[in-house]
Amino acid sequence: MSAEVGPILEVKHLMVFFENALALNDVSLEVNEGEIVGVFGSNSAGKTTLMNSISGLIIDIKIKEARRGGERVTVLGEIDYGGENFIDKPPSYRVRKGIGLSRERHPIFRESSVEENLKIAGYLRNGHEVREGIKDVYKLFPALKELKRRRAGFLSGGEQQMLAIGMALMVKPRLLLIDEPLLGLSPAIQADLVRTIREIRQKGVTILLTEQFARPLLPVIDRGYVMENGIIILSGTGRELLENPEVKAAYFGT
Amino acid sequence: MVKEGYRKERLDRGIKARCDSIFMLTSYREILYMLLPRVLPIAALIIIPLVLEVSGQVYWQKVFILACVISLLAMGWDYLASVGLVSLGQALFFGVGAYIAGALNHYLKWPIFLTIPVATLGGALICTLLLAPIIRMRGIYFGMVTLAFPLFFNRIIEATKLCGGTEGLPGLTQFPTIWVATYLIIGALLICLFAFRRIIDTDYGMVLRGIRDNDRAIMASGINIYWVKVQAIFICAAAGAFAGAFMSHHIGIVGMSVFALDMSIMPVAAVVLGGGGTFAGATLGTFILVPLSEFLRAYGTLRIAIYSLVMVVCVVGLPEGIFHYLQRKYHQFDRWVTVEAKE
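Residue numbers (the working numbering), protein chains in the order written: chain A, 1 to 254; chain B, 1001 to 1343.
Don't read these hints as lab results, they were simulated from the structure. Where a beta carbon is used, it is the ideal one built from N, C-alpha and C, also for glycine. One should not assume that every hint holds.
Unchecked claim - Among the chain B residues that face chain A by a calculated CB cut under 10 Å, a handful are:
(1) Gly1005
(2) Glu1009
(3) Asp1012
(4) Leu1318
(5) His1324
(6) Asp1334
Kindly produce the complete structure, drawing on both the sequences and the hints.
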C-alpha cells in the first residue's frame, strides 16, 4: 500500500443538469494519492457523467449542444485537483495537468494500427518519451506487442480495452480515469485486466474507475462509492460495501 | 451568463401548457398558438405578389417566382437528405423536366396543361431510372455522381445539337397572365411543403429517417431500403421536374442554362441556411437567399463577396438553421431557477 499524502482529487458538491434533468446531484468524493477508487452503480446512475465532468469532456459537450441548439448542460460545484479548481477548465488543459481518461466502449481509432493509436495518444510528448511510453504499455499488455501492426478495428473486445487503457497511459497521467473497464469482457479477461490495473497503480498512478458490477474489482480497490440516480448513497472500503445487504443484492451479485 | 446559486431552466410549452389534440379547441389562445405558424406562411405567400403588383415591382415579381421555383428544388433536396442521399445535382431534375416540357411543346405543339404533368411524371421516371443503378452508394459518392449528371447532359446537348443545341428551344407557349403562373407555383410550393412535412411525420417517413440514421437496422427490420430510396428519388425528382417544366413555360424558352451549377448549389445553400429536415427551413432559406442575391446586384462585382459573407455569418452563427432556431424560440422559454438541493 502506498502512503496516503492527502487527496489528489476532491469533488465538492458537483451538480450536472441536462436540460431540466438532474444527472449528478450534489456529488462529493475524494481520491487520495496512490489509491484505486471505484464508483459503482447501475445504468443511468451518472457514472459516465461523473467521469466526463472530471476529465472535462462535459465542457465540450456543453459547448457543442449549445451551438446546435440542443440540450442545455449546466455544471455547478467544484473539482479541486492539486489546489486548483478545474470546473471550467477545458479537457486539453486537464490532460496536460495529468488527468488521463479511458472512455467507455473502447474509443480507439479503428482504421489505424495498434502502434499508431498509441503514437496518436502520446501526441503531447516528444519522440523519445513516446517510444518509452509505448515500451511501458507493451510491458503492461504483452498481448498488444504481438498485435502492433494489426488494424485496431479488428481487435477483440478485450484487446481493444487494453489498447484504450494503454492510450490513456501514454499521456503519463497522475490520475487515471477508467470508465467501465470490464464492460462486455469474459471473466477470464476481466481477471487479467484487474491484475494489470493493480500493476498500473504500482507505477505510482492514482486510479478512479467506474463499473456496474463490483465483484471482480473488489480485490484491488481501496475505497468505493455506490451511486444511484446521481446521488452517492454509500461509501467505504471494499469490505464495508460488501457487507451492506441492500447494496450486495443490487451491485455485487449474490 | 452565470448567476450564482441559479441556473437557467428551459420550459417546453409543448409539454407544460399546450396540447395539440382535440382539446386544443377549448381555448382560442391555443387555437391561435397552433394556427399561427401554419397560416402565416400561406398568408405571406398569397399576399406578397399582390403587394408587389400594387407597388408596381414587375422585376421583383419575377424574383418571387424564381424563389418559389428554387424552393421546390430545395425541398426536394431536403427530402432526399432525409433518406440519407446527399444530392449535388438538383439541376438534373430541373433540367430534365424543363427539356421534356419544352420539347413536347416545341415539336409536338402540346398545350401547357398536358406538357407540365407529362414532364413532371416522365421527368421523374427518367431521373429515377438514371439514378437507380447508383442507389447503393452513400454519402459523398452519391453526391459526386449526381453532380456529374447535369454536366453530362449539358455537354451532350451541346455536342449533338439535340433539342436545339446551344440555341435552345425558343417560342414556347407562355402562361396567359403572370397571375396564373404566380399562383400555380405558389400552390405547388404549399402542396409540397405541407405534403412533405406530413409524409416525414408518418410511419413511412419514420422509415425514411431510419434509413438516414442506420440503414442496416432498417434492413434488419425486413424493409427493402433500395425500393424506399427509389420512391424517395421519384418524389424528389417529380418536384424538381415540375419546377423545370414550369420555368420553361414561364420564360418561354428552354436552354442549356437549366443544367447550370446554380440550380444544384442554391438549394443546398438554402437548406443549410434555413435548417435541414423541416422543409419549411428550405423554403425560408430560399426566400432569404434568392432576393438577397438579386438585391446585391446593385453592388456590381462585390455581389458575390457580400453574398458569401452573409452566408458564412449565418452558418457559423446559427449552425442549427434559422428555422430550427425560430421553432425552438416559439415553443420554449427560459427562466432562472434556484438550484435545488439533494432530497
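Those earlier numbered hints the structure runs against, lowest number first:
none
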